[in-house]
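Student: Sequence:
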Amino acid sequence: MPGIRGPSQGSLNLEIRVDYGPYGSGFNQSIAAAAEATLQDQDINSGSLTIVLTDEPGIRDYNRRYAGIDRPTDVLSFTDGEIDPDTGAAYIGDVIICPPVALTGAENGRHALLNELSLLTVHGVLHLLRYDHHNEGSRDHMWRAQERILRRLGSPTEENGGR
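Counted the way numbering that gives the first Met the number 0 counts, the sequence shown spans residues 0 to 162.
To be clear, the hints were calculated from the coordinates, so they are not data collected in a lab. Some hints could be false.
Unchecked claim - With beta-carbon atoms standing in for the labels, derived distance ranges:
| id | residue 1 | residue 2 | range |
| --- | --- | --- | --- |
| 1 | D69 | N44 | 31 to 41 Å |
| 2 | R63 | R150 | 11 to 21 Å |
| 3 | T86 | G108 | 14 to 24 Å |
| 4 | G67 | H140 | 41 to 51 Å |
| 5 | W142 | D79 | 23 to 33 Å |
| 6 | E81 | L102 | 29 to 39 Å |
| 7 | I82 | R109 | 35 to 45 Å |
| 8 | D69 | D18 | 14 to 24 Å |
| 9 | D85 | R129 | 20 to 30 Å |
| 10 | Q39 | W142 | 11 to 21 Å |
| 11 | D85 | N107 | 23 to 33 Å |
| 12 | T78 | W142 | 30 to 40 Å |
The structure presented is a predicted model; accordingly, all values stated were derived computationally and were not measured. Just so it is clear, CB atoms sit at the ideal spot from N, CA and C, and this is done for glycine as well.
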């Protein structure tokens with residue numbers, strides 16, 4: 000699938016690959032907007048990023064192979080940091096999202112699946128940019144960034160009654 004470029008992201012190449020599901024352009028547009036908003040928030044305006052939508056067996060396989068955890072999850076991030084020899088741009092990494100698991104999160108948070116996918120995209124891209132939530136300080140820093148970005152996107156946040 001060709002990259003999706005936002006108007007203000009002239010040198011940003013965002014590829015969304017759908018390995019599972021009947022997801023239409025609305026899903027891709029929401030995911031692209033969330034990824035671009037995250038990169039803009041972090042002053043990243045060049046590079047390449049791939050987002051993959053997969054099913055539960057697919058994400059379980061990634062989780063088992065790369066994290067040693069044999070169960071499905073909602074989102075995984077894999078940093079790269081390599082430089083594309085053709086373009087000279089950094090390859091930021093891959094975000095893998097499982098919409099069936101995301102649907103459970105949306106139902107638990109009482110919000111739309113598109114909002115959950117936006118949250119997971121923001122969360123995954125922040126991980127690529129070295130954010131983590133292993134301790135309270137880093138978690139607070141990451142959650143503040145997520146809240147700020149989701150507010151800009153108009154998505155529910157804990158602050159405004161969402162997740």
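Student: Hint by hint, which ones does this structure get wrong, listed from lowest number up?
Tutor: 2, 3, 4, 11, 12
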